[in-house]
Amino acid sequence: MNPLLSPDLLRRLEQFQLLAQRRAKSATKGERRSRARGHSVEFADHRTYVAGDDLRYLDWNLYGRLDRLFLKLYEEERELPVRVFLDASESMSFGEPCKFDFARQVAAAVGYVALCGFDRVSVVPFPERAEENVVRGALRAVRGRKSALGFFQNLAGLTASGAANFNEALRRGALEARRAGLAVVLSDFLDPDGYEAGLGALVGRGFHISAVQILAPDELTPATYGDLRLVDSETGGQQEVTFGRYRLAAYQQTVRNYCQRLREFCTLRGVNFFMASSATPLEELLLKQLRQAEIWG
Amino acid sequence: MHFLAPIAFAFAATLPVVVVFYLLKRKRVVKLVSSNVLWRKFLAETQASAPFQRLRHNWLLILQLLLLALVILALARPYFAGKTSGGRLLVAILDASASMQSTDDDPSRFELARRDVLRLVDSMHDTDQMVLLLAAGHTEVKQSPTSSKPALRRAVQSCTVTDAPTRLGEALKLAQPLVRDRADAEVHLFSDGAIGLLEEFKHEGLNMVYHRFGKRAENLGIVTLDVRSHPDDPSRRAVFVSIANASTNPAQTDVELRFDGQLVETRPLKLGARETSPLVFAAAQRADAGIFTVQLTAKDDLAADNQASVVSLLPQPVRVLLVTRGNRFLEKALGAVSSVGLSVAADLADDGAGYDFVVVDNMLPTVWPAGNVLAVRVAGTNWFGGGGATNALSGFGVVEAPPIVDWKNTHPLLRFVNFDDVGIGEALAIKTPPWAVALVESPSTPLILAGEAGRRRVIWLGFDTLQSNWPRKTSFPIFMANAVEWLNPATATAAQLLVRAGDPVRLTLAAPLRSPKMVLPDATERTIALEPTARELVFGETQRQGVYRLITGTNATQICVNLLDPAETDNTPRAELELGKYARIRATTTKQANLEMWRWIAGAGLLVLLFEWWYYHRRTA
Numbered sequence: 001m002n003p004l005l006s007p008d009l010l011r012r013l014e015q016f017q018l019l020a021q022r023r024a025k026s027a028t029k030g031e032r033r034s035r036a037r038g039h040s041v042e043f044a045d046h047r048t049y050v051a052g053d054d055l056r057y058l059d060w061n062l063y064g065r066l067d068r069l070f071l072k073l074y075e076e077e078r079e080l081p082v083r084v085f086l087d088a089s090e091s092m093s094f095g096e097p098c099k100f101d102f103a104r105q106v107a108a109a110v111g112y113v114a115l116c117g118f119d120r121v122s123v124v125p126f127p128e129r130a131e132e133n134v135v136r137g138a139l140r141a142v143r144g145r146k147s148a149l150g151f152f153q154n155l156a157g158l159t160a161s162g163a164a165n166f167n168e169a170l171r172r173g174a175l176e177a178r179r180a181g182l183a184v185v186l187s188d189f190l191d192p193d194g195y196e197a198g199l200g201a202l203v204g205r206g207f208h209i210s211a212v213q214i215l216a217p218d219e220l221t222p223a224t225y226g227d228l229r230l231v232d233s234e235t236g237g238q239q240e241v242t243f244g245r246y247r248l249a250a251y252q253q254t255v256r257n258y259c260q261r262l263r264e265f266c267t268l269r270g271v272n273f274f275m276a277s278s279a280t281p282l283e284e285l286l287l288k289q290l291r292q293a294e295i296w297g
Numbered sequence: 298m299h300f301l302a303p304i305a306f307a308f309a310a311t312l313p314v315v316v317v318f319y320l321l322k323r324k325r326v327v328k329l330v331s332s333n334v335l336w337r338k339f340l341a342e343t344q345a346s347a348p349f350q351r352l353r354h355n356w357l358l359i360l361q362l363l364l365l366a367l368v369i370l371a372l373a374r375p376y377f378a379g380k381t382s383g384g385r386l387l388v389a390i391l392d393a394s395a396s397m398q399s400t401d402d403d404p405s406r407f408e409l410a411r412r413d414v415l416r417l418v419d420s421m422h423d424t425d426q427m428v429l430l431l432a433a434g435h436t437e438v439k440q441s442p443t444s445s446k447p448a449l450r451r452a453v454q455s456c457t458v459t460d461a462p463t464r465l466g467e468a469l470k471l472a473q474p475l476v477r478d479r480a481d482a483e484v485h486l487f488s489d490g491a492i493g494l495l496e497e498f499k500h501e502g503l504n505m506v507y508h509r510f511g512k513r514a515e516n517l518g519i520v521t522l523d524v525r526s527h528p529d530d531p532s533r534r535a536v537f538v539s540i541a542n543a544s545t546n547p548a549q550t551d552v553e554l555r556f557d558g559q560l561v562e563t564r565p566l567k568l569g570a571r572e573t574s575p576l577v578f579a580a581a582q583r584a585d586a587g588i589f590t591v592q593l594t595a596k597d598d599l600a601a602d603n604q605a606s607v608v609s610l611l612p613q614p615v616r617v618l619l620v621t622r623g624n625r626f627l628e629k630a631l632g633a634v635s636s637v638g639l640s641v642a643a644d645l646a647d648d649g650a651g652y653d654f655v656v657v658d659n660m661l662p663t664v665w666p667a668g669n670v671l672a673v674r675v676a677g678t679n680w681f682g683g684g685g686a687t688n689a690l691s692g693f694g695v696v697e698a699p700p701i702v703d704w705k706n707t708h709p710l711l712r713f714v715n716f717d718d719v720g721i722g723e724a725l726a727i728k729t730p731p732w733a734v735a736l737v738e739s740p741s742t743p744l745i746l747a748g749e750a751g752r753r754r755v756i757w758l759g760f761d762t763l764q765s766n767w768p769r770k771t772s773f774p775i776f777m778a779n780a781v782e783w784l785n786p787a788t789a790t791a792a793q794l795l796v797r798a799g800d801p802v803r804l805t806l807a808a809p810l811r812s813p814k815m816v817l818p819d820a821t822e823r824t825i826a827l828e829p830t831a832r833e834l835v836f837g838e839t840q841r842q843g844v845y846r847l848i849t850g851t852n853a854t855q856i857c858v859n860l861l862d863p864a865e866t867d868n869t870p871r872a873e874l875e876l877g878k879y880a881r882i883r884a885t886t887t888k889q890a891n892l893e894m895w896r897w898i899a900g901a902g903l904l905v906l907l908f909e910w911w912y913y914h915r916r917t918a
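Listed in order, the protein sequences are those of chains A and B. So the first sequence is numbered by my numbering: it starts at 1 and just counts up by one. So the second sequence is numbered by my numbering: it starts at 298 and just counts up by one.
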């Protein structure tokens, strides 16, 4: 039994296919259209015959009309590499429901849709954790629908702990990728050093990016009032706060402003941005929001 | 600049409190959160770790300290010694008479009145002055004119109610010179109006405010009490009592008569609305002296007049010495008085100590008597000033056949005495001395004088009775009977032993007393300081009614102090008082209430300032 996604949801996800706005650049054959010419049923162009070309691709109808030899070129269908950047830092382990659980569910859904479309899926959890190397290695490159079960199990084996460097993780992920493809970033985007450099590196590498910001309900509407000393779970930094109901609206405005700045940053760079509370129903995000944004269809 | 209330500078202690508030940070609850990023963005300005922070330049702090300093300065009431027009003069007259004890107001009329006087004190302006007079049997100046409210409050608190009747005229006469020629002076009378008549008082445009107290008159009271020989049975005593009902409803009560604490008789009594009813009790008295006490058992608003006591002394024969060359009329008239044991002598060799009084008839005795005297055409030393004229026949002019034009028939000596047909051959011409009153007058000289000269009662006749037709008239023996009653020292003693509350106890002393003590009805003792040569004892602390005991060595004398005042017993609250013949004042319904509130407001300002800081701190911490 899959702990991350229900069978019903899986069945509905099978109907989707990732919509890549860019041509697949992978070297591996797949089911994606690519700029590369090759053997498929999709006609792409004609080319003048030169000696040595495969005679099987000559367009004999054209030869009959024009008395010249042309070759019919077909699109080569290749795979779409899908990289899921999963924030597995300590801060993701907070929230009720837990932000990390929600992020894994989204990652599982994206991965399942990709696997169903014969695309290659890599999940990149950050920060690095030596004790999870086996699981993480298995998530590095998954292909084919048959691998889905193992994919889900490995995903469920991940844990969130430690302090992450968001920018560094995304920059390294961008460099490691041999071919750009679809990138899904699942994080709370609450890194003290910001998120701009990391997302910029992915954009520069040519990824088609979808960013999903996951915040816990308690972060959107804090329920603890009074004189507090807040300790950051990742950095250990302390913050003294006197918080009451009368300041809730001001706090929520701050959160909205923060999310709005992130959204504007993404929109300017052609990044799809989604904001979701970890309490949001998964179907709402997967079947409505991502579909409307034409991540898949 | 000076300060009226420098104690307010104690509030300066709050200045460091404000600074400490700025320095202080509060204890916090530690909470682990996913990330501080959002909070830091939200609350960048509040980061601190120590309980105190460095005092930063803060305009809010400076303004608050400035405001606080100003408020404290204001509370200290600074002033410059300048000249301003004086404020009002308030004369508060607080009625402390017995009727103010009435409990129809809760807790009593007097307590309410005192509360209102305090309210009036509170409402005074800084430049106003107040005099506090406590009016009861006597008027006491509790506080001379002052603006000091603490002194006035102390004076008001020290006022106590008495069992004495109101002598409001005295208080008003005291107030009058204070407020004369001052248009801004006010006389505030705090009373229930049960004050008797004030006819002799001249109003003279007093600016008077009458604060009335009391709601109703539910009171029965004893208004007169006397004890005498029983007219029908000389071996028994008759106690005469009058009981008044002040209420407009009929009332009934039991009247108890006790003798030295033993119940003698209980008699039920019904009284109609505003009725006064006399009662006569007859009782046997075995001891020479004792106390009859009359008590009303019914509950009413005023308890002070429900009990009265009187000292009863059994009558003793009156020993009279007549010193005369021969006057049968006088001898028969004196001898006819029932209780008199008469002795007649041609001259007096000693001072007549063995007699109750001496009659000196138209001759100069060898030794002048020391006790009370009825002197006929003869005078004691210095009776008429100057000259030392003691001889009946020398030093005085003579008036031939003086006509009798006036006599005082209200005086006890002239009770039932008529001088209509009395003719006099000749009389000595004198002027009425200050110690005596003229009972019978002719146009040129007084004919009969009575009074007290040197603590002795004296009746002086300016003419020889034998040279008039008076001895043949019926008025002569009546006058002599009255004279025996009046000159008898026992009568005076009995009168001295029955005193109205508020009046002083005055006892004539036969011999000097050694360390006399007075025991009050509530059993407290007062030592009376008395000079060895004193001939009279005066004790003024008779504000409460009851039996007072004068203890001198092993002897004890009992003195009864009673209210016995119809005006106080009638405790009906009066809406209108008559002052003199023409003026009336009505009770005020509105009360002045310009209470000073700036202290409270300034105090509230201080609190608001401190609260404001706390609240600000709470919001921004």
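I should point out that these hints are in silico values taken from the structure, not numbers from a laboratory. Hints should not be assumed to be uniformly reliable.
To give an idea of the interface, some chain A residues facing chain B are shown, with a C-beta separation under 8 angstroms as derived from the structure [what the hints assert, rightly or not]:
#, residue
1, F94
2, L190
3, P217
4, E219
5, D227
6, R229
7, L230
8, D232
9, Y251
10, Y258
11, A279
12, T280
With a straight-line cut-off of 20 angstroms between C-alpha atoms, the simulated EDC-like cross-links for lysine to aspartate or glutamate are [stated by the list, open to error]:
#, chain 1, residue 1, chain 2, residue 2
13, B, K470, B, E437
14, B, K328, A, E75
15, B, K324, A, E240
16, B, K328, A, D218
17, B, K512, B, E437
18, B, K338, A, E264
19, B, K770, B, D819
20, B, K470, B, E738
21, B, K324, A, E284
22, B, K338, A, E42
23, B, K338, A, D218
24, A, K72, A, E96
25, B, K470, B, D718
26, B, K499, B, D551
27, B, K328, A, D53
28, A, K72, A, E90
29, B, K499, B, D800
30, B, K328, A, E196
31, B, K338, A, D53
32, B, K596, B, D551
33, A, K146, A, D193
34, B, K328, A, E96
35, B, K629, B, D585
36, B, K338, A, E196
37, B, K705, B, D718
38, B, K338, A, D227
Cβ coordinates follow ideal geometry from the N, Cα and C atoms, glycine included.
Could you work out which earlier hints the structure fails to respect and list their numbers in ascending sequence?
Of the numbered hints, 3, 11, 12, 14, 17, 19, 20, 21, 22, 24, 25, 26, 27, 28, 29, 30, 31, 33 and 35 do not hold.
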